[in-house]
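**Student:** Spelled out, the chains give:
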Amino acid sequence: MFQTTVTVDQFLQAMVDTFYMVGFSLLVGSIIGIPLGILLVITRPGGIIENSVFFKMVNPVINMVRSLPFIILLVAIIPFTRLIVQTSIGTAAAIVPLIIYVSPFIARLVENSILEVDDGIIEAAESMGATPMQTIWYFLVPEAMGSLILSLTTATISLLSATAMAGAVGGGGIGDLAISYGYERFDSFIMLVTVVVLIIFVQVIQSVGNWLAAKVRREN
Amino acid sequence: MFQTTVTVDQFLQAMVDTFYMVGFSLLVGSIIGIPLGILLVITRPGGIIENSVFFKMVNPVINMVRSLPFIILLVAIIPFTRLIVQTSIGTAAAIVPLIIYVSPFIARLVENSILEVDDGIIEAAESMGATPMQTIWYFLVPEAMGSLILSLTTATISLLSATAMAGAVGGGGIGDLAISYGYERFDSFIMLVTVVVLIIFVQVIQSVGNWLAAKVRREN
Amino acid sequence: ACGNKASSDADEEKTTIKVGTSPGPYSELFIDAIKPILEDEGYTIETVDFTELIQADIALDEGSIDLNVDQHTAYYKNFNSEKGASLTKITPIPTVPTGIFPGRKESLDDIEEGDVIGIPKDPSNAARAYAILQKAGLITLEEDIELVKVTQNDIVENKFNLDIQEMDSAQIPRALNDLDYGVIPGSIVYSSGLDASTSLLHEDILKDLELVAVVDEKNKETKWAQAVKAAYESDEFKAYMEEHNQDDYWFIPEEIR
Amino acid sequence: MIQLEHVSKTYKRNGTETIALNNVSLQINKGDIFGVIGFSGAGKSTLIRMVNYLEKPTSGTVLIDGNDVSDYTMQELRKTRKNIGMIFQHFNLLNSKTIFHNVAIPLILAKTDKKVIKERVMELLQFVGLEEKATNYPNELSGGQKQRIGIARALASNPSILLCDEATSALDPQTTDSILQLLQKINQAYNITIMIITHEMSIIQKICNRVAVMEKGEIIEEGNVLEVFGNPKHSSTKNFVRTVLQDEIPENIRKKINVIPGSRLFKIDFNDESNELINDMIRNFGVTVNLIYATMNEIKTNTIGHMVIQLIGASATVNQAVSFLSTKEIYVKELAY
Amino acid sequence: MIQLEHVSKTYKRNGTETIALNNVSLQINKGDIFGVIGFSGAGKSTLIRMVNYLEKPTSGTVLIDGNDVSDYTMQELRKTRKNIGMIFQHFNLLNSKTIFHNVAIPLILAKTDKKVIKERVMELLQFVGLEEKATNYPNELSGGQKQRIGIARALASNPSILLCDEATSALDPQTTDSILQLLQKINQAYNITIMIITHEMSIIQKICNRVAVMEKGEIIEEGNVLEVFGNPKHSSTKNFVRTVLQDEIPENIRKKINVIPGSRLFKIDFNDESNELINDMIRNFGVTVNLIYATMNEIKTNTIGHMVIQLIGASATVNQAVSFLSTKEIYVKELAY
Ligand SMILES: Nc1ncnc2c1ncn2[C@@H]1O[C@H](COP(=O)(O)OP(=O)(O)OP(=O)(O)O)[C@@H](O)[C@H]1O
Ligand SMILES: Nc1ncnc2c1ncn2[C@@H]1O[C@H](COP(=O)(O)OP(=O)(O)OP(=O)(O)O)[C@@H](O)[C@H]1O
Ligand SMILES: [Mg+2]
Ligand SMILES: [Mg+2]
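Residue numbers (the numbering used here), protein chains in the order written: chain U, 1 to 220; chain G, 1 to 220; chain S, 1 to 257; chain R, 1 to 337; chain W, 1 to 337.
Any given hint could turn out to be false.
Anything over 12 Å on all C-beta distances counts as not near chain W; from chain R, calculated [claimed, not checked]:
hint, residue
1, Thr112
2, Asp113
3, Gly129
4, Tyr137
5, Thr175
6, Asn252
7, Tyr337
Cross-link-like lysine to aspartate or glutamate pairs, in silico, EDC-like; alpha carbons within 16 Å at most [unchecked claim]:
hint, chain 1, residue 1, chain 2, residue 2
8, W, Lys256, R, Glu298
9, S, Lys149, S, Asp208
10, R, Lys97, G, Glu219
Treat the hints as calculated values from the structure; they're not laboratory data. Every residue, glycine too, gets a C-beta built ideally from N, C-alpha and C.
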């Protein structure tokens, strides 16, 4: 039961890789996805800077990226990946498709959160002559913050789950360890350990997300 | 370019399998996930039927399921799958893990949507002596409907993307075709066709979702 | 095949070999038996884990890794022609044969109309599976078909109308309860701890389906590549195989016997 | 009957406490139209939310028909609440539902027959003058229209207690009057108890029989409307009374008074009893009486008011006239110019 | 200066049309305190939202300082709006931000220096009596407190036009008065233009110099406050005037009148000019004058009012007294008992 071919070093490296992949893709994915989600709200018909050209261009692109199975996405963008990180393998190379996978996902969740902001708030912003940037920054984002945090939490967990597929390009990480040792090498011990670690990760992410959201909503 | 080893029959079968997997798992996943999401809102501290035992039990379970990479989930629940559908292979067997994958995902999105309902509405319900079921049905759900529809749209698209992994148990479907023929057998024609079909699917799902949500929000 | 980082003049001095490894016995064999030999000769071995053979080949082609020991000739040739790559073998290496294993049915004699049989879905292993099914006389494939490209559609005759389920190879041992038979690649037999001797039928390993050590064409003659080849052919390795292959688990190609 | 006994409510956040209600005791009898008046932030909304237990008191007891609400099971509480209609200060309408549905919802919750619902809702919409908005949605209504929907909704299930949190603040006086008349009508017809929060004295004056004046979380004066407002003790109460009853001479009238040397200024009660006063003084004492200012107001069915008169004449005659006033048992007060 | 020219606004949904504004023309001059009064749903909120172009007119033109707002680029529109403060009927506060931040936001948008913001915000919070709530959040405030925050926010950036959509509807009269005084002060000090929507006559009466009365999307009467309310033409206008000026004898006073045979009842103007009337009639004609009812009210700095008197005496003397009244150029009308 307790015998395994995975070394402690390997395991620690996998932890590091997972942190790195999730952290980095979440960061960049948010930097891309959050503004994108906001843009989807404000450029839509009736939005504060209604722009049907932008909306009708970006909306399908997001759908397109969202429609590709992760492995296909990963292959499809190899040339792009190489352009960005000079290689198509390893943790760095996994991050590019992860970012591309999570950004539109975040955009959709953000879009949904921002759409829930009361119209009256937007009117207040308009009446003060707020620029679109100010409306976003001082009105929409703060008012949607609780929901945005929960959305990012959801995205982070989906991302963690997607890093498991990073193994395809030698990305490593805990999920890959679970798949390539636990699943493909039938190493039940490492399967158990990795699953427990993943559960703990998710538990922590969700708890932090819930706590922050509740704090923002001033429920605690 | 236009040569391929995939037959038209095979392709149509894949379409049918995808529809079947997405449709069925979405249906059952919603039946499980929506009430679960609502329960998460109403049993949480300060909720209308505050129940910390339930909340503290279910919340981690959802996190647990959400933390597993799909393929691991699939393996982990094989005994359960066999119990339900009598087999661990084929499309039917893929549906069980898909449901288990999507239900907590839907629950989280629903939770986020329902949390955005104005407190005043809940107070109105309370003041009328509405039962918890009535509060959910006549107050929370209608008020969150626009957001709920967008959440389900997001879940459907994630689900479609997850069906690609159903190939692991011989589940078939368009995504699997893309991977095992387009990707693994370098069949660029079928890759192109499947990707186009997936994009169209997603486009349709998102458009229908957006349209319905806008309709519910009376924006069109 | 562009963006090659490894500069050729440095090749002569190259003492670090990057190996793309995949789950299964071939990478393990390399690490257990070949790596120590190479290290004794002053080489440093770095490994990069892949779960996808294609990705390993792509990495090999672009020069991110130097060596791969997880595929057969048919596979890399197909990769070359599809991707315009120029991978080449330096030596055949020990190979674990694929076998038909019992599921719900104990013996191939019990085969019946409509039986369900699980085979690997990845093309490299699917090729072996179709070959062994043909060998067992259960199906007939089109003549002159390139084995690595075989799919269900190339079956011209399916005598028992078998329901052939293509699935993840690692899934097959786990699904034997729901299969009448499973065609399981040696690597998975090894990993899953199945008793190889319970196999109902062994494949005859065709030349093109022997595993090979693969490098980029232009590195074929480098010192380090030759060192790898030499390691597989060395007496030390032979002794290792002698010791570790008592139950004939491995098929050892003629060249390195 | 509604009883609050020593009810306090404190809000805590980050260590700071806000005392919204401070040891409030109150009894509202069946059939009362009970007004609660007070400055913004006095604790009126908090008080009314105690009654249907939307907010639990930090300490103290809430009794409905003699039963301690904190002893109720959820089910009993719901049953009680079904009998309590509430009009919210911020309306709390369902934006996703039509006006019709918004008004119908208490009936839907009570599983009322569809046909009955339809009739009842249309009747209520007619009452509040919005039958043509039945198929509209709340965000298509004006502020006052939303408020009227809130009123219709609260009345839908014929509650036996009605809680109104500034139910007419967004309404013009005419619409307010028609709503108040409606409330009065149902109060009389069904003997329902109505609790009205407002800061408009005119509402208290028109329909309440009892009133509580709140300040800083406390009830500072309480009782029969005429008693409280006829003889206000606290300065806050006086301030409210002043809003309907201009208690002092308006500034610009005061400025224009012709200050005749030797003349004196008096403020006296003005009610049904004092119609003949001026005439009598002029006739009986030969004093000249100028009417400077007068105001009169109805509180429920009673009239209260006062007037300011200027008496001119020989100091002795003026004195006589003043002592005549004193015999009349009316309030007299001399004012400085 | 604000000009609306033939402005109409129609809302369409599912084929049905709601005409919220119907060909409205209006001019508000710099420094005006312009009141808009009307029944619930009359179109007041729609009208005020035309001014800062939160809502585009379906037809017609909106001019600010002579410029057609529809010609503005977004940037120009924003610049104009920065100069227009607005108090919303439903407050529209940011729930995620503290009270301090809510009031500060127009200044933050204008990139004002932090220290200046702090001073200005605390000053405003003091004005509206909520400095101790600076670190609270909107959902911790009472209805009236929220409204006061909305007022403070609208004033923060010293706008030159202030739009108030029922800015005091949730406030008690005393707080309302202090807000109105504040508005009046800034109107005088900075000559800012204020547009006030209300259905409380008392507000118009206290601070507006001009008024428009709306009904069903139209302006039915408009002009100087004293003119419009001193001599109301439309019945709606009369109804509003009646709310501050009880035009008719209250029912229960009327009931209690002692109907003396031969006596007659008259309603006459009651203003600065009529102080001595009663005295004069009694003295000069020997008629007995009972004061039945009187009310007096200030509209801005003018006083209007009326009284109801009962004249008793020989028919000839009464007639003489009545004709004496007529010579006084005051309004006299005989009433039936
Ligand atoms: N979005 C909308 N869609 C349809 N009708 C609307 C919409 N907004 C306002 N209306 C209608 O236009 C009319 C005028 O509304 P407005 O809000 O201007 O009234 P108001 O005079 O401000 O009333 P109140 O005093 O009740 O606030 C009302 O009949 C209202 O129902
Ligand atoms: N959730 C809360 N947290 C902190 N303080 C609160 C909360 N709710 C109310 N308060 C405070 O309690 C006091 C009473 O509030 P309440 O709403 O009862 O006043 P009100 O009399 O209804 O005033 P208004 O006439 O302005 O509506 C106020 O000072 C308010 O700021
Ligand atoms: Mg209140
Ligand atoms: Mg309005």
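**Student:** All hints are to be evaluated individually against the structure, with a verdict given for each.
**Tutor:** Status of the hints after comparison with the structure:
1. The claim that R:Thr112 lies off the interface holds: its Cβ sits roughly 27 Å from the closest Cβ of chain W, which is beyond the 12 Å cut-off.
2. With a least beta-carbon separation of about 28 Å from chain W, R:Asp113 lies farther than 12 Å from that chain, consistent with its non-interface assignment.
3. A beta-carbon of chain W comes within 12 Å of the beta-carbon of R:Gly129; the shortest separation is about 8 Å.
4. Against the 12 Å criterion, R:Tyr137 falls within the reach of chain W, whose nearest CB is about 9 Å from its own CB.
5. Listed as a non-interface residue, R:Thr175 fails to keep its Cβ farther than 12 Å from every Cβ of chain W; the least gap is roughly 5 Å.
6. With a least beta-carbon separation of about 5 Å from chain W, R:Asn252 fails to lie farther than 12 Å from that chain, contradicting its non-interface assignment.
7. Non-interface call for R:Tyr337 relative to chain W: holds, since the shortest CB-CB distance, roughly 14 Å, exceeds 12 Å.
8. Between W:Lys256 and R:Glu298, the direct Cα distance comes to roughly 13 Å. Compliance with the 16 Å bound is thereby established for this hinted pair.
9. Distance check on the hinted pair: S:Lys149 and S:Asp208 sit about 13 Å apart at the alpha-carbon level, within 16 Å; holds.
10. Proposed proximity of R:Lys97 and G:Glu219 is supported: the alpha carbons are some 14 Å apart, at most 16 Å.
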